[in-house]
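J.: This is what each chain is made of:
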Amino acid sequence: MASNPGILDNVAREPGVAKPDPILAIEGVRRSFGGLQAVSVERLEIQRGTITSLIGPNGAGKTTLFNLLTGFDHPQEGHWHLNGGALVGVPSFRVARLGMVRTFQLTKSLARLTVLENMLVAAKDQVGESFWGGLFGRWRQIEAANEARAMTSLQRFGLDHMADEYAGSLSGGQRKLLEMARALMVEPEVIMLDEPMAGVNPVLTESLLGHISALRDEGKTVVFIEHDMDVVQEISDWVVVMSQGGVIAEGPPAHIAANHDVIDAYLGLHHGEKP
Amino acid sequence: MDWLKILIDAGRAAVGVPAAAYALSAMGLNLQFGYTGLLNFGHVASMMVGAYGMAITVDRGGSLWLGVVVGIILALILGLLLGIPTLRLRADYLAIVTIAAGEILRLIVRSSWAEPLTKGILGIQSFADEFHDLNPIPVGLYGLGRFRFDERTVWVMMLGWGLVTVVALFMWKLTRSPWGRTIRAIREDEDAALSLGKNVFGYKLQSLMVGGAIGALAGMFLAIDQQNVTPDTYIPLLTFYAFTVVILGGPGTLLGPITGSMIFWFLFKLLDGFMTDAILNGWFFGWFEATDIGPIRFALFGMGLMWLMIFRPQGLFGSHEEMLIDGQ
Amino acid sequence: MPNYARRTLHTRLRSVFLAAIAFLAVIAMPLVAFAENETIGGTLEKIDADDREAVAGVTITVEQAGAVVGTAESDQNGDWEIPVPGAGEYVVRLNVDSLPDGVALTDPERFELPAVSVRADQNKTARFNLGPGLVSGVSTWNRVGSLFVIGLKLGAIIALSSVGLSLVFGVTGLVNFAHGDLVTLGAVSAYLFSSSSIGPGWHILIAAIPAILLVAGFGGLQEAALWRPLRRRSTGLVALIVVSIGLSFVIRYGILVAFSGLPRPYRNYAIQNDMHILGITTVPKNLAIIGFTVTVLALIGLFLTRTKLGTAMRAVADNADLAESSGIDVSRVILVTWVVGAGLAGLGGVMFGISEQVQWDMGAKLLLLIFAAVILGGLGTAFGAMLGGFVVGVAIEMSTLVIPVEFKTAVALGILVVMLLVRPQGLLGTKERIG
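So the sequences go chain by chain: A, B and C.
Take 1 as the starting number for the first sequence in the working numbering and just add one per residue.
Take 1001 as the starting number for the second sequence in the working numbering and just add one per residue.
Take 2001 as the starting number for the third sequence in the working numbering and just add one per residue.
One chain only, chain A, in its complex shape (with noise of 0.2 Å):
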């Protein structure tokens, strides 16, 4: 399944346990809220080229490690490197740059922009978008090429179609891939999706688990925040529980779903609720 299969079935399935070839790699990085311990991460690493789900009941602190990793929050201590340079830091919108791109929980679609206006903002490297580069740089050229590459990447999400409509004027999944493939124009080598599938209807699921094969197939590396067991079955390669701060287990879907740790602190929740 991964693009290069089997990588990970080598590695122990312990938590903080060394990958072959980390992407990204944590250490030590805490943060607590007044007195709440919100995220307190001995040690993780990423493998490169793999899709990796981070799942854990609420308040577990994924959000709040996201926060931390891509700079929109601050740990109190602890490091981290991606590519090998460390993050400590780093403002938000340079650890894009560097090739880790996040999206949100609750969508952020720029809504009194266009869909193909919020893809196009998100291009790298564009002449016109410094100052003097838009009063008299000669931009136009470059942005022909994104246009074009944001269309293709619209067709692919199945949003060519309203490419002129406002993006206030999608409706909630639709956003979702919108933010999905607006966060691909910055062409990441590491994407952070922070629950993707919530409140997607289950045709646009499907699409969206799609999507986010292929990227890992194109050779990025995935993290994501998910919820749904099934959906984490489906198409992790590696999957990160974490509870109350810290990371409790990883290894592969198949022995996550059958460690006792987990189960009790989370999926024996969630299989209560099902009937």
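Hints in this document: simulated from the structure, not taken from any laboratory.
For lysine-lysine, the following DSS-like pairs were computed, each having C-alpha atoms within a straight-line distance of at most 25 Å:
hint: 1; chain 1: C; residue 1: 2408; chain 2: C; residue 2: 2365
hint: 2; chain 1: C; residue 1: 2365; chain 2: C; residue 2: 2285
hint: 3; chain 1: B; residue 1: 1173; chain 2: A; residue 2: 124
hint: 4; chain 1: C; residue 1: 2285; chain 2: C; residue 2: 2408
hint: 5; chain 1: B; residue 1: 1119; chain 2: C; residue 2: 2408
Let chain A serve as the given structure and place chains B and C on it in line with the hints.
T.: Relative to the frame of chain A, chains B and C by itself:
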């Protein structure tokens, strides 16, 4: 009540010098508020800094044109100083600091400490002779009937609407570029822009500074017309006039500030003329006297601003579609 | 949201406008007259205990809309007079530099009367209060101590006025730019009940009660008729702030029409003799204001920490969603916050009026100091606002020891900017709500 006179006076105001000045000032604010979503409540400070920068330069023996450059540079510096502490924080912090800074700056300009430079409360006069001496228009009245302007006013109007045209072209180029698209993205959602690798703080700072420089142009233009700068001209009210103009015309639109300003001054003079006549004719049962016209006008202005912001946030002619999106 | 629901909100908001217009119309009933020959004049006297002495050679300027109307110098009898072009509002200013040695304004800030309103055919009297200067014969301790007391008094007024702004921000996220005008409304209402010719003429301390209730009620009305419907429409923060600016104009200029631009003192406590205590010279009302305010703030503190409603208010301010899910009626808490906050602002206005005079834009001028106080203390925290109020008040007054008096409000801006750079969440605030 002489309706024709009131209407013609209102029409004159809609194309006159103040309308041009406010179109300019509102274009600067529109870049900040309409396109970038910045709540700059101290826009009047840019106007003041521009006007004083120019007047002081001339007063100290510089040329008017050097003064214009000085005014613009000072406005850029002001934007930088106000932006650095506030633009990383929520929108309201910028509003608080800018409105405070505007007032404090006015206090400093009128103080006896700054008097050697600013001439205190009396201000500086007659610094724009260079411009008025260039007037090629023969002495006379131009226009039809009551709708007439003298040669001096026509010359100033030419400058004003000329500046409006130049700035509008500049804004057209700027806002249609990827830079303009990025600041609109920031207006819609800062975090989204950050997550896409945009240096939000840098863009906001640029927008604040450039908008301020345009505001300074407006201030200089008004000062050139009046040949007079005094500190107490630059009260916070002027900022809110500009806000009303921007919202009337439609925030984040290229021509909004221009139509907004014309409508604003038309309504303003209409109301003024109506109130004056109505009070003279005793229409309000003697409740109000002539001195109340000013305050009543400002109270109505406040209501108008509230009404606009609540019911027509996309401007009088704003698209219905955009309005619906805004409500979500 | 269905269309009809939206229409009822529109209708409700419209009725607020109509009510506001009616409010303006009913309370504004001055008289009309037309004629010529208006002047502004006065007599300058230095009053030192029971001694009166004419002050000659002082320059006075009258301005309108930024343009100088006339200038005069007081004569041997201290008299001066300046003809003005007609009825209207003028700014009258005394040139402090032209005062002879040993003579100073009793209130160094009142070198300018910002809104002297002249009726048709009126020879208006404009008054400047002069006394012996503080320059000679006053010990440093007395000077520092007196300024400290004045600072505490100003701080008390700021603190009272700030708590409401901060709490309302806490529970709704709105920075209300019309909050300063609630302060004015309190002061003016108390004037109506105590000192106005059309009022019942009660003692100011009695008159303060209906005045505070009126402002509190107005705060509740604002929330119910304007802010709550706007929140339900999920109007953005930026739009709400602009609406509050519009509202501030309506209130402020409504008051100007009704009250006129003339600063007026209350009947009681307007003039008090100096008292000497611990080597400090001050007036008794300053100490009374400080003592009374501290008591009120302590009671508010107890209310916030000891009562169910108070803790609910703080819970909503901390995290509205969490409070809602734990069974707190958030809407009601917000309404109560508005009522309490506005009432406190009204009380602040009465104190301000007793301390100085009542004027149509007194609250708007105080607003900058209120902002400085709440940001210093931490937006959204009641105790922060109290602490911030006193610190700002004392800092402003004490600053006059080292910088010119005309710059003292700049100190507030300085505090604001430094705080935002160093610790934007304020002394007592938490970091989460600023970003």
